[in-house]
Amino acid sequence: MEIIPAVTYTYLRSKKKFPNVWCAGCGIGIALGAIIRAIDNLKLDRNDVAMVSGIGCSSRMPVYVDFNTLHTTHGRALAFATGVKLANPKLKVIVITGDGDGLAIGGNHFIHTCRRNIDITTILINNSTYGMTGGQYSPTTPFMKIGTTAPYGNRERDFDICNLAKSAGATFVARGTVYHVTLLEKIVQQAILKKGFSLVEVISHCHTFYGRLNKEGTAVKMMEWQKEHAIPIQAAAKLPPEKLKDKFLIGTLWDVDFPEYCEEYDKVIAQFQVPPEDSEGKK
Amino acid sequence: MKADPKRVLTGAHYLDGDHAAAEGALAAGCTFVAGYPITPSTEVVERMAERFPRVGGVFIQMEDELGSMAAVVGAAWGGSKAMTVTSGPGFSLMMENIGLACMMEAPCVVVNVQRGGPSTGLPTLPGQADMMQAKWGSHGDYELIALSPNSPQECFWATIKAFNLSERFRVPVLVMMDECVGHMTEKVVIPEADQIELYPRRYTKLSPEEYLPFKTGKDLVPEMIKAGDGYKIHVTGLTHDERGYPVMTWEAQEKLVRRLIEKIRLFKDELVDVEEEQTDNADVVVVSYGISSRVSIPAIQKARKEGIKVGYLRLIIAWPFPEKKIYELAQKIKGFVVVEMNYGQMVLEVERATKGKTKTILVPHGGGWVHEPEDIYKAIKEAAK
Ligand SMILES: Cc1ncc(C[n+]2csc(CCOP(=O)(O)OP(=O)(O)O)c2C)c(N)n1
Ligand code: SF4
Chain A
1 MEIIPAVTYT YLRSKKKFPN VWCAGCGIGI ALGAIIRAID NLKLDRNDVA
51 MVSGIGCSSR MPVYVDFNTL HTTHGRALAF ATGVKLANPK LKVIVITGDG
101 DGLAIGGNHF IHTCRRNIDI TTILINNSTY GMTGGQYSPT TPFMKIGTTA
151 PYGNRERDFD ICNLAKSAGA TFVARGTVYH VTLLEKIVQQ AILKKGFSLV
201 EVISHCHTFY GRLNKEGTAV KMMEWQKEHA IPIQAAAKLP PEKLKDKFLI
251 GTLWDVDFPE YCEEYDKVIA QFQVPPEDSE GKK
Chain B
284 MKADPKRVLT GAHYLDGDHA AAEGALAAGC TFVAGYPITP STEVVERMAE
334 RFPRVGGVFI QMEDELGSMA AVVGAAWGGS KAMTVTSGPG FSLMMENIGL
384 ACMMEAPCVV VNVQRGGPST GLPTLPGQAD MMQAKWGSHG DYELIALSPN
434 SPQECFWATI KAFNLSERFR VPVLVMMDEC VGHMTEKVVI PEADQIELYP
484 RRYTKLSPEE YLPFKTGKDL VPEMIKAGDG YKIHVTGLTH DERGYPVMTW
534 EAQEKLVRRL IEKIRLFKDE LVDVEEEQTD NADVVVVSYG ISSRVSIPAI
584 QKARKEGIKV GYLRLIIAWP FPEKKIYELA QKIKGFVVVE MNYGQMVLEV
634 ERATKGKTKT ILVPHGGGWV HEPEDIYKAI KEAAK
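Residue numbers (my numbering), protein chains in the order written: chain A, 1 to 283; chain B, 284 to 668.
Certain hints may be false.
As the list claims (entries may be wrong) - Facing chain A, a subset of chain B residues (Cβ under 7 Å, in silico):
{"no.": "1", "residue": "Phe315"}
{"no.": "2", "residue": "Arg337"}
{"no.": "3", "residue": "Gly339"}
{"no.": "4", "residue": "Ala358"}
{"no.": "5", "residue": "Glu379"}
{"no.": "6", "residue": "Pro406"}
{"no.": "7", "residue": "Gly513"}
{"no.": "8", "residue": "His517"}
FYI, nobody ran anything at the bench for these hints, they're computed from the structure.
Note that the Cβ used here is the ideal one computed from N, Cα and C, for glycine as well.
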């Protein structure tokens, strides 16, 4: 078995804040590894990284890493991060959120932050459930799957997160899984580099609640499911529709350019700021 | 530290309270405003949107007040002096992250131009019924500071003071205006920048190795940093230790929450800010704030003409409540008359502070209009008996 490169550890608050709260086998730690490696590949100064999260198992991630880390209220990470970014635009702001945090209670902030196109990288860990509170159905629980609050099967439809982000105006949208870690690292890297709002949906598993309730087996079994159901976007182009049934695409799904909010605001300041010697501002 | 001349609109102006508060924020060095339009506070965000880019600040219209308040707390940790402005329904939505600001000790200012409630109530008409919400509206135990100006001129100064107090105590400070004060237009004199004293952010001088973000000295207020200046700290809404890391024990809770409360209570006497007139040998003292204080004046004058010794006490800082002041007076007078635009909020505090030493009469009003001075006059007569 390959040993995790030591570089990951150098980013952890290993002496200060471990052990962590996650169940053994949870996918969130794998996503964290990929995010750290992406940041390390980009040689970002750790002081310049601000990691902001809401509430949930996934949102617990920031406390374990040696960046500026801000753990806020349920659903509000993107709004909070908007304040951080505007106050200090040199920061690389990365938001960690979950399907409940980012799309249910924080859904309004999600679509509006996409629309605003502010330079924030959002990593949304989609485990199809509310893990932290014990497996209730979430906005991404598939139709008829079980949650503790949907004991007879979920009768609501699930969101297609990437399509939602795209239509709301995100300029970079990608999907990965915690099984395909190398790809995940790559798309997180691209997302951080993107000037504008970028979203990475990370398909993960909550074997403890979702897996048990839906009889989907161990963490390993659930990762096998990811392997079998994910199709790289390049490969998908060559496949007939029947081969794509019940599958999902991974890779970079959308990448366009649009003026970034902080830069636009700077233009407003540049154009309308009153020079100190000008008395016009005092009329 | 003095105000920046570039941001101070020195001179005599004819402004309403909303605009005066916006100018106060600018003079106070506010660099970030997040808001969502709501009557009767919209004029503040409109003025900010126009004025801010001109002095190098940021205004952003968020998708709702949950987001506005979250962005304000984020901006504070990003290094800005941050503020939001709202009215009743928006104030309710802000409660969640006002609590976060208390827990994260993020200095920030919230202006609430009160209108009639509950719910959508009277969007364009005054109320003073959010006074208890200001104190208790977010869940959990905390202390914060709330001011209540009664004129456009005072809206200017109260906003500056709010910023100064928020920096000193690292708490959200609320400016509880009301629609009348927000929309009345009066002369507002804005002095030269060097006449405006600002309390600078309490940035630490310790190195990242020495610094503990929530360790405090005697005044119980920790020193701050901003995200990006090399300290790489963790801040959270969870109960945390001096390092800022979550600790889920009753001991950590006791230590943290007690300090959050004590850091204000320790300075309660210093935080008394009232306007007092003829309370020295009064028989009756009228207690009020905001627009109600101005409506009380004709009633007080009428009673005085009849020989009743009436004092006037106006709360400029409503929270923390000046309980010692009230108790001192309670021992000497025949009764308090409390005039407020609700069915009994600050009157409960007055009553509590008297410890039964004198009677307290409320002159209530549901909002939407101001009190009839005659009703106040009658209460004064009653109290003087
Ligand atoms: C306002 C509010 N409502 C509810 C909760 C309880 N709560 C905590 S985490 C959570 C769900 C988190 O789900 P998700 O974002 O999918 O993250 P996961 O735990 O699955 O990683 C809920 C409902 C809360 N903390 N705050
Ligand atoms: S409850 Fe689920 S999501 Fe949370 S740590 Fe455990 S496996 Fe992961």
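### Message
Hints numbered earlier in the text: which of these fail when held up against the supplied structure?
### Response
6
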